[in-house]
Amino acid sequence: MQRFLRTILTIVKRELKGYFESPVAYVFIFIFLALSGYFAFQFGEFYIRRQANLDSFFKYLPWLFIFLIPAVTMRLWAEERRTGTIELIMTLPVTLTETILGKFLASWLFMGLALALTAPLIFTVTYLGDPDLGALFAAYFGGFLMAGAYLSIGLMTSALTRNQVIAFIVSAVICLFLVLIGMDEVMAALSGLAPLWLIRLIAGFSFMTHFGSIYRGVIDLRDVVYFLSVIFLMLFLNGIILQNRKAA
Amino acid sequence: MIEAKHLTKIFGRKTAVDDISFTVGKGEILGVLGPNAAGKSTTMRMITGFLVPTSGTALVGGHDVLESSLAARQKIGYLPENAPTYPDMTVNGFLDFIAEIRGFRGQNKKQQVIRTLERCNLLEVRFQAIHTLSKGFKQRVCFAQSILHDPEYLIMDEPTDGLDPNQKHEVRDMIRTMAQNKTIILSTHNLEEVDTICTRVLIIAQGRIVADETPAALKTRSGLHGAICFTLPKIGEGVWLKETEEIPGVDRAAIVSEGPEFVTIRAFPKKSDERLTEKIIRHFMVKGKPVEKIYIEEGRLDEVFRMITTQSL
Numbered sequence: 001m002q003r004f005l006r007t008i009l010t011i012v013k014r015e016l017k018g019y020f021e022s023p024v025a026y027v028f029i030f031i032f033l034a035l036s037g038y039f040a041f042q043f044g045e046f047y048i049r050r051q052a053n054l055d056s057f058f059k060y061l062p063w064l065f066i067f068l069i070p071a072v073t074m075r076l077w078a079e080e081r082r083t084g085t086i087e088l089i090m091t092l093p094v095t096l097t098e099t100i101l102g103k104f105l106a107s108w109l110f111m112g113l114a115l116a117l118t119a120p121l122i123f124t125v126t127y128l129g130d131p132d133l134g135a136l137f138a139a140y141f142g143g144f145l146m147a148g149a150y151l152s153i154g155l156m157t158s159a160l161t162r163n164q165v166i167a168f169i170v171s172a173v174i175c176l177f178l179v180l181i182g183m184d185e186v187m188a189a190l191s192g193l194a195p196l197w198l199i200r201l202i203a204g205f206s207f208m209t210h211f212g213s214i215y216r217g218v219i220d221l222r223d224v225v226y227f228l229s230v231i232f233l234m235l236f237l238n239g240i241i242l243q244n245r246k247a248a
Numbered sequence: 249m250i251e252a253k254h255l256t257k258i259f260g261r262k263t264a265v266d267d268i269s270f271t272v273g274k275g276e277i278l279g280v281l282g283p284n285a286a287g288k289s290t291t292m293r294m295i296t297g298f299l300v301p302t303s304g305t306a307l308v309g310g311h312d313v314l315e316s317s318l319a320a321r322q323k324i325g326y327l328p329e330n331a332p333t334y335p336d337m338t339v340n341g342f343l344d345f346i347a348e349i350r351g352f353r354g355q356n357k358k359q360q361v362i363r364t365l366e367r368c369n370l371l372e373v374r375f376q377a378i379h380t381l382s383k384g385f386k387q388r389v390c391f392a393q394s395i396l397h398d399p400e401y402l403i404m405d406e407p408t409d410g411l412d413p414n415q416k417h418e419v420r421d422m423i424r425t426m427a428q429n430k431t432i433i434l435s436t437h438n439l440e441e442v443d444t445i446c447t448r449v450l451i452i453a454q455g456r457i458v459a460d461e462t463p464a465a466l467k468t469r470s471g472l473h474g475a476i477c478f479t480l481p482k483i484g485e486g487v488w489l490k491e492t493e494e495i496p497g498v499d500r501a502a503i504v505s506e507g508p509e510f511v512t513i514r515a516f517p518k519k520s521d522e523r524l525t526e527k528i529i530r531h532f533m534v535k536g537k538p539v540e541k542i543y544i545e546e547g548r549l550d551e552v553f554r555m556i557t558t559q560s561l
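As given, the protein sequences belong to chains A and B, one line each in that order.
Residue numbers for the first sequence follow this note's numbering, so the first one is 1 and each next one is one higher.
Residue numbers for the second sequence follow this note's numbering, so the first one is 249 and each next one is one higher.
Hints in this document: simulated from the structure, not taken from any laboratory.
These numbers come from a predicted model, not from an experiment.
Please note that a few of the clues may not be correct.
[As the list claims (entries may be wrong)] With a cut-off of at most 27 angstroms between alpha-carbon atoms, the simulated DSS-like pairs for lysine-lysine come out as follows: (1) K430(B) x K323(B); (2) K482(B) x K518(B); (3) K246(A) x K59(A); (4) K527(B) x K541(B); (5) K358(B) x K13(A); (6) K323(B) x K386(B); (7) K17(A) x K535(B); (8) K323(B) x K13(A); (9) K386(B) x K467(B); (10) K13(A) x K386(B); (11) K17(A) x K386(B); (12) K274(B) x K416(B); (13) K17(A) x K358(B); (14) K274(B) x K262(B); (15) K246(A) x K416(B); (16) K482(B) x K430(B); (17) K386(B) x K246(A); (18) K467(B) x K519(B); (19) K535(B) x K518(B); (20) K17(A) x K274(B); (21) K383(B) x K416(B); (22) K519(B) x K535(B); (23) K253(B) x K430(B); (24) K490(B) x K535(B); (25) K416(B) x K482(B); (26) K246(A) x K262(B); (27) K323(B) x K357(B); (28) K323(B) x K274(B); (29) K323(B) x K253(B); (30) K246(A) x K482(B); (31) K519(B) x K490(B); (32) K467(B) x K537(B); (33) K430(B) x K490(B); (34) K467(B) x K482(B); (35) K357(B) x K13(A).
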């Protein structure tokens with residue numbers, strides 16, 4: 001167990017270093033923060049609504065993630081395959097589980113950092129008014145969980161190809177799908193085509209459905225379990241993909 | 249000891265490795281030769297656990313690479329083809345990472361990294377990002393990675409590929425000095441390398457082993473093996489070939505090269521154990537044409553290689 005954790009920690013450290021040793025991390029964080037600010041205040045009509053909360057930031061967070069998170073994850077496996085380092089990592093005394101968990105946790109920590117850096121938004125709204133800090137915390141927690149789900153999807157698709165562009169597009173499309181199926185507008189459009197229970201069922205798999213309630217301040221265990229299940233499933237698939245490639 | 253047991257790998261419809269078995273013991277340096285796409289890399293990848301064999305398995309130090317893969321991988325040092333490394337990391341950072349993965353911690357880790365940097369002549373570039381280094385240095389960084397934990401089993405896929413002659417020499421020296429207490433498998437296209445460092449040669453063609461012997465034994469398969477090559481001054485007129493063929497014991501002769509003053513001839517003996525060298529020297533001495541240079545051909549690996557690998561097609 002101790003060896004397991006130490007190995008994962010070693011991989012997490014290397015991965016995180018990898019983010020910050022290339023310009024990717026800085027560009028990403030800059031764009032993420034700039035867009036967050038834009039969505040929170042300008043696009044979300046913060047000044048018109050005259051409410052001291054971050055609802056619009058969280059409302060657009062799933063959309064922001066759709067094209068930003070695949071940009072983080074697209075290189076994770078694809079790059080290792082392109083440069084051949086995958087042969088190195090797979091022949092070191094490290095299990096596949098350790099490698100996958102290490103890569104995933106590093107990317108999750110990185111997104112956690114990016115989210116944490118939006119803290120000035122919190123300071124701003126507390127300065128301007130009196131927001132419900134509990135609800136804000138819940139929303140951040142939900143955002144972090146949801147980021148994990150996006151990352152796990154991106155990591156999985158990155159294992160499918162050595163081409164980063166393909167990895168990006170495939171994971172963005174999967175994430176877009178999981179966002180769209182939970183949108184009220186999409187559900188309404190589908191209502192004539194399929195029975196209501198089916199639409200509900202499909203919507204039950206959407207990020208929107210589960211993130212929606214968390215960012216309004218309700219942390220429901222079912223939503224937490226949903227995101228964790230997506231993460232688990234995707235990491236598991238990731239393992240199967242890599243294992244298959246070894247045996248192919 | 250490394251034992252390959254009936255290793256077979258089939259990619260789709262192509263059989264890349266077809267029932268390969270061999271054993272390499274401590275102190276041996278096994279050179280794996282073969283044309284491109286013969287299955288050298290695939291074989292190594294199965295032994296190191298990167299690929300799962302379609303059938304068969306390998307034992308490394310008694311550990312089955314399929315059943316106790318982790319234990320086997322702990323004992324192996326592996327230099328993959330093209331020496332992959334993480335380009336954005338520094339040399340030091342990269343080796344630090346490998347050392348940690350290999351279970352070294354604290355002071356122990358530091359020592360191990362420094363020692364490896366010294367051994368591979370990397371101290372001067374240790375804080376440089378790997379992508380800023382020349383190809384030779386990159387190769388050495390990956391080489392360093394493979395020997396950091398002083399492994400019992402060292403598997404290297406084209407360790408000197410892309411190096412300049414001096415660097416090749418260095419790497420070969422390193423391999424040779426390490427060989428005494430290790431089991432080494434290396435693949436190469438360089439026949440000279442096999443001749444200078446390998447104790448045994450495995451030739452693979454189309455996924456099968458077509459030869460498994462010492463470099464010296466392999467060379468005796470050469471058509472040139474035992475032939476006598478000698479250089480004569482061109483004094484007066486001479487029908488060099490005819491004269492050579494008249495010497496008893498000579499089967500046939502051929503001119504290797506002819507200059508304005510000298511001619512070099514290769515004589516093939518009827519039976520290789522005859523004392524033909526002496527006879528040739530005496531024969532030409534009597535005719536007033538002292539032999540300038542003379543030597544017995546050991547045989548050429550490149551010729552044997554070509555013969556063996558094209559025969560099997």
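* Which numbered hints does this structure break? -> Of the numbered hints, 3, 7, 9, 14, 15, 16, 20, 25, 30, 32, 33 and 34 do not hold.
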